[in-house]
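Chemist: If you want the building blocks of each chain, they are given just below.
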Amino acid sequence: MYLLTVILSLFMVQAQAHDLTTIVYAAPTTITAGIPYVAQANGYFKEQNIKIEEKLFASGRESLEALLAGHAQLQSVSETPFIHAVLQGNKIVTIATVAVHGEAKLIARKDRGIIKETDLKGKKVGTAPGTNSDYFMHVFLSGHGLKPNDIAIFNMKAPQMKTALVKGDIDAYFAWEPHIYYAKKELGDKAIVFNPGQRYSGRQTINMNADFAEKNPDVVRSIVRALLRAEEFIKKNPEKAREIVAAKLGVKIEDIDPMWKEIDFKVQLDNGILPLFEKIGKWSAEMNKRAAPIPDFKKHIYAKALLREKENVVAPELR
Amino acid sequence: MRSGYEIQDLCFGYTDRRRLFDNFNFRVRNGEFVTITGHSGCGKSTFLYLLAGLLKANSGSIRFNQKVNPPPGPDRFTVFQSDNLFFWKTALGNVALGPRLVHRLTKKESRRESLALLERVGLKGFEKYYPHQLSGGMRQRVGLARAFAVRPDAILMDEPFGSLDAQTRVEMQNLLIEIWGEYSGTIVFITHDIDEAITLSDRIVVFGGEPVHIKTEIRIPEERLLRRSKTFLPRREAIRDEIMNMLGAEQGARINHEDLRLS
Amino acid sequence: MWWHPNFVKVRDHAITVLFLMGVFGAWEWLYRSNLYPPHLFPGPSAVWPALVEMAKSGELAQDFLASSFRWITGFIIGTVLGVPFGMICGRLKFIRMSIGGLLNGLSSIPKIVMIPIAILWFGLGETQKVSLVAWGAFFPVWLSSMEAALHTPRELVWVARSYNLTPLQSALHIFWPSAIPHIVAGIRIAISTATFSLAAAEMSGAFSGLAYRVFYSHEMFQTDKMMAGIFVITVLSWLVNYAFMKLVKYLAPWAT
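Chain order of the listed sequences is A, B and C.
For reference, each letter of the first sequence is one residue, going 1 to 319 in our numbering.
For reference, each letter of the second sequence is one residue, going 1 to 263 in our numbering.
For reference, each letter of the third sequence is one residue, going 1 to 256 in our numbering.
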């Protein structure tokens, strides 16, 4: 009886501690998640009375799975996997985006005759199906009047693309950083990199389960506040911020430098986000030949918290 | 020229330090049925494998039909206690492989010969059965047929009926005597069963160890057909007692030896 | 009824069927209980429509054909190389001690790790995939053949010596057939390992294939199609194993 009481009380203490402020954050390993990394490293979440338990995943795609399975309450990922998950009926919301980036790129071999965009025609091209660089390929091809049938597509995992390109099994590939950077480093002048430019800007999204966000509006606000503090810090101390991110990813500062410049670290829900979600949603539905209706993406953007904290970074149509 | 076995000054040991055989001498006449018995581990089986050529003597000579220390060959076939049939072959296939490969018989000839042998060992109708479909006794019948099929000059048998029940054992003993009568040849037979030895042998040799030496030899000139009769019983008892005494004496001596070492 | 000669057979099959029904029932119950997010853990009632959808669109047939080709070709190559090479390793000490040791080390490398090397050597086409499957099928067959040849019962070897067989005759009449039960066991394991390798192979450079479909559906959060793919692979593996054992029973009833 005594033992039972002890065990029960232990559980209650644990439950209370949990209810109070602990949030499991499923984090991807990517520079674009710089803001949440800094917020955690500088203790900004703690300042807001939130204890973040950070769990690092190899990719955003995997960390999203942890959120869907209920093992995490907070996570971040590129917008593309988020959209796929929404299309399959998962009830999740984006509370903010923390980076706009041009990470998705095309690298091609000049010695295989690819100098300008349209040279891609008839070439062997690697892509990781369903990723944001795969979406970039779709945008890139249609933007240059090419059809998917005009190139020979090779579905691959990103880490294998470099080998295949260097060896010459493919002539080009669409991927994201750092998979472009390392291939370019190895191939040097033999390779050419095409940036997405205006065609496509990727977003790092911060997401939660819809139920949880609705039931805990104060927690969401606290998180957003901490993220905004981190944004400030990165603006004022870019050097320090880079150190923090490099340490988190376990790489040298030099190796994140070239990509850092291409990332706009900003907590926002701007007017570009809804059209982007809709375009990717349309693409995803077409690609999967599933006639499910495209959902209303507005329902998957939880703007209330950011609106309270910093109204001017929320697009009018989301208010 | 068949002249049986002549073993002279045989030396053998599995390791350098322990000599299982030290200048051991032995003789088996051609056509003789010799049974060797003795305590487990005294070297009986090793002796049989030396006779088969499967083990090599360190020194000394084993003569068989004028050949000195011959390598294994089809003139001496070994039958083991454990089930060592070709499990991937039918009863017929098991018997026929030897004649085909050793005597270069055609498929048809070896088949005919093997079928006759299988019928002889009482397995008519079971030619197409695989070993795993046969009982222990039937498998040993196939083993016998396989041994006689290569018409060896000597058959070396290592407790071939050791794992059979009493009833089957007696059947197999009778069968062995019958077939042996027809095919002739020398048989060296190892058994722990003294009654079996008395029933089968021309001569029983009791081995003692180690090094291996002959504790006693008993010749049984009586007709084998008579040995299961009542009139033979007293003689059977006498032989059994003699062998048991020999084995028992050794057991006692061994214990004394241990006691000495302990004190 | 129980006096009927087929009673035991019918009863045994009934046990299997009831068990499977129980498994499916539990699966469906778990799905409906909402214990796990239903989107991540679809039950039979959600997977079946996905399977029908895949069958109707022709996706399933295409995946099946692509995977079958890779699996069958690779499996045959791996097995045909594994058996004789294993037997040779078992009988010849210097080969076992040199190449055998190396292979033993390589055998525990996960097949996924071999993908970059396979791409490097064989490119992105079917050769790379077939070679990975062959690689996966090779090891268990090689290992069981080697073990079998190494531990051929002493008495059988002695019979061969008594028959004065040539090395070729010994191999043909004694070592090879006596190894078959072990090799059969090795091949049954190879059926699984070849399938693991197929999955690894279809992770890159593929557009179709059952394992590719599973990965792709997973990437797209289409867990119903993913589960359907897993279900098909499970059923096929079972069927292949069953067919193989039937074949062994027919060709070599003594080997099971």
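Watch out, some of these pointers could steer you wrong.
[Claimed, not checked] Stretch by stretch, here's where chain C covers chain B in the computed footprint (C-beta under 8 angstroms, at least three residues):
{"id": "1", "segment": "83-97"}
{"id": "2", "segment": "123-134"}
{"id": "3", "segment": "212-218"}
Derived from the structure by calculation, the hints contain no laboratory data.
Just so you know, even glycine gets a beta-carbon here, dropped at the ideal spot from N, CA and C.
Chemist: To test your reading of the hints: which numbers does this structure violate?
Modeler: Hint 3 is the one this structure does not satisfy, whereas the remaining hints hold.
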